[in-house]
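Undergrad: Here are the chains, one letter per residue:
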Amino acid sequence: MMNRKNLLRAATATALVLGVTTVSACSAAKTSGSSGSGGSGSVTIAVPSWVGAEANAAVAKYILENELDTKVELTQLDESVAFDALNSGKADAILEDWGGAPKKVKLYVDDKKSVVKGGDLGVTGHIGWFIPKYLAEQHPDITDAKNLNKYASLFKTAESGDKGQLLEGSPSYTTNDDALIKNLKLDLKTVYAGSEAAQITQIREDYKAKKPFISYWWTPQWLNSQIDLVEVKLPEYTDGCDADAAKVACGYAKTPLQKYLGADFAKNNEKAAEFLKNFNWTNEQQNEVAALIADKKLSSEKAAEQWVKANPDVWKAWLPK
Amino acid sequence: MSAVTTPAPPPTPVEPAEETTATVRRSPLTHPVLRRLLPLLVAAAVLVPLAALLWGSGHWPDALTVDVKTPLDDAYTWVVHNRDTNPVFLYFLLHLSNWADSSVTWMTDLLETAGWSPVIVVAVLLSWRIGGLRDRRGLKLAGITFVAFAACGLLGMWQATMETLALMSVAVAVSAVIGALLGLGAGLSDRFERILRPVLDTMQIMPAFAYLLPLVLLFDIGVPSALIATIIYAAPPMARLTSLGLRGADTGVMEAAESLGTSPTQRLLTARLPLARKEILLGLNQTIMMALSMVTIASVIGAGGLGEEVFRALSTVDVGSALAAGIPIVLLAVWLDRITAVAGERLGGGSAPAGSSWLHGSRAWAVVVGTGAVLGAAGWTTLIAEWPEAWAVDIARPVNQAVGWFTDHLAEGVPVVGGTRTWAANFTTWVLDPIRDTLTATPWWLLVLLAAGVALLAGGWGAMCTAAAAMAGVGVIGVWSHSLDTLSQAIAGVVVTLVLGFAIGVVAARVPLLERMLRPLLDTMQTLPQFIYLIPVVALFNVGRAAAVAAAVLYALPAVVRITTQGLRQVDGATLEAARSMGASTFQQIRQVQVPLARPSLMLALNQGVVLVLAMVIVGGFVGSGALGYDVVKGLQKSQLGLGLTAGVAIVLLGLVLDRTTQRSGRRTTGR
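Line by line, the protein sequences give chains E and X. What the first sequence shows, in the working numbering, is residues 1 to 321, in sequence order. What the second sequence shows, in the working numbering, is residues 1 to 672, in sequence order.
Isolated chain E, as found in the complex:
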């Protein structure tokens, strides 16, 4: 059929033209991300999905925009993914890192040198196992991990079967709990909620119904201002006791939360970078802003504005000299 032949010819021609255009675009592409770090007067801050981090970012944004005349964009990125973004230039700063991605830190900070350290945030993070206060009052000795087996049956759910349920959070969080349970020979089973939202909902509902539960949990966390949780004592953390992931038998370290900056950004935008390096506040200060956002349901901009106006002496010290 003539018709088929002609069309085939036309198709080949189109393919050729397309091919040529592609080849003609053959100059090497720019490697740095075009958004964010492009202009010298703008910063992109990576915000992980928890509220404490949102509080950091909101306050930093408010001060950068109003005092240093720097445009700030916030972009929602999970902990370890944020390092990739810093490396590629899609984001410029991480304000709260819990040390959950040591491999990435080694890769980008030590090997590729595309990310630089930004110092302490001032907030100390702590992970542990927590139970509601009403439960601790009922069974005073439950707050020691050694006695947990006695009470394991209290925590049984359909998911955990004949063991007690230890509620876990989002898969992006650092946890040694499976190893801990095994090595401390506890009758518990981890049940992964899969997201912080699901975990918080579960905790809240159980708390409302005054049910016994035990959960992987951490401070600072805005929910801690709404409900009373008590930490269960795990064997004390000593340096290096968590070196072998399979043999961990100790609790979690107190982690001074870290800041990281993109290397290019730190070089090209000194003023903003210096401010972010100086940014340093306490658990209480962060919680104050976080509670305004999560509890009072203020927008993060409003919450930051309120805090910044009330605490000028704190943040004045962060401004570059």
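There may be inaccurate statements among the hints.
[What the hints assert, rightly or not] Derived DSS-like pairs: lysine-lysine, alpha-carbon spacing no greater than 25 Å straight-line:
| id | chain 1 | residue 1 | chain 2 | residue 2 |
| --- | --- | --- | --- | --- |
| 1 | E | K103 | X | K69 |
| 2 | X | K634 | E | K189 |
| 3 | X | K140 | E | K247 |
| 4 | E | K302 | E | K71 |
These aren't lab readings, by the way, just hints derived from the structure by calculation.
Dock chain X against the given chain E, drawing on the hints supplied.
TA: Just chain X now, kept in the frame of chain E:
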């Protein structure tokens, strides 16, 4: 996959021959089912003892497992190290990613600097023109547009809506062009059609999430991955329907054109393409809907816009704010759906417009563009670009209260039936656990054989090969036990969906009022981003597999109800009347007339239910489903590509198994 009415394969007539022969009992070997299975059984009789002897029964044998995680992780590390230097990236992929970045940024900037009033004015006028300036539909469309956009602003989501719209418009434009070109090829060349068809079929059952991981590997987290994922995800319906339109061209017209001595190219441009306009527009409609759902899901990998707002609201467990971001998505969907639908109707109508020549044809476009420019400029100079904050309405608080009230009252202590939490616990203990235990205890070769057998009965030899290979593939890539866990949840989810869906569908088909009331609810449920259900589902059913199954049922139910209702409705009225006049009771009518006659539709509902339930498996990972869903989420969030990608592939393989074992459409290629 939400908001898409999957193009139903033309309902194949029920095969009555099979029904009657099945009841005839003769010697066992001539029983038709057995006869069809015979070759498979013979092959199994030889192979199974051999396999069982070599590798044992029970869990998938280690000897047949290939480690794919390590090479994938290595590949990812390699990509991270070499993304800036390797020529493949420098000269091709990075161009693509930079282009994606800059085009979306450009579009967003355009919409944002224009400001809200010009955007609304232009959108309203364009919709009006598409609906017809002198047409009631045009006026109605203009109204819908205005309400939709104003609501987005009122809910405080203007900026996010613009970001989503920008990403959408770039994605849809590219997707439509690619889809149309592929469709053109498939419509004109049989060979190309034969190659393209299975690819499109497979793409249709792939869960949206499965597209994200490989793109993250190549393009990293961010807008480029999101944009390209959306383009790939949304192109198939355009290709399929363009091809369908070109192939369906009236032979009479074509012959007439040929006899006039036109060249093939002329015939294509002046006859075939114009005749296919309606299908092409339907394809565009579906492409837009798929793109919208993907843009929302892609917020997981940093797409920004409304999806990200939903996600952010969820991190403070704020269902109300999440809904405030979800409603604009529904409104955008309604608006875009109406526009393309009306454009299609008007193409079909084709009556000569009356009135001044300024109100139709190209002049009307000039009028619209002119007025839009003037009004837009006026709005731009007098009003600020950002949506005024004073005009925002807070729906978060009342919604949160309502959701709280519902969960409090349904979750526990409901008299007689207990609360939803008790149900969930019982469901896990008495349904999910036994199914999982049975599956895990079944020897691996028996499961492969079962998949093969059911697919052979349902589809034929082709389906059998695919199903068996996919089932075995799950074992080969080393995620056998997690896959069986997920499979048990999917089976339970499908059963619940079908029971509920058929029940609601049967009632809705008989009570038109109920159907009219259900329709907007179903549309909304299908368009809302799935994440919104996470919190209510956990509050009602506790973290765990029961919650994941509930979320999947919620997601798959609308499509099943819709297809069931449609199928039952299409049953010939005369047949039903005859049954009624013979004194059949309502129940008898449904059971003995409507259901058998609507069987093809019901089978389609089953197949759709399966595909949709499986698509929700990954979202289930966010509420404690564990298994494959959790692995994908973990892979995405911790950038452990090996883990995530393997689990994603396993979900697609399970999808193939379930699709082939439930698709009783008798594919043309199987030649039964």
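Undergrad: Hint by hint, say whether it matches the structure.
TA: Status of the hints after comparison with the structure:
no.	hint	result
1	E/K103 <-> X/K69	holds, 17 Å
2	X/K634 <-> E/K189	holds, 19 Å
3	X/K140 <-> E/K247	violated, 68 Å
4	E/K302 <-> E/K71	holds, 17 Å
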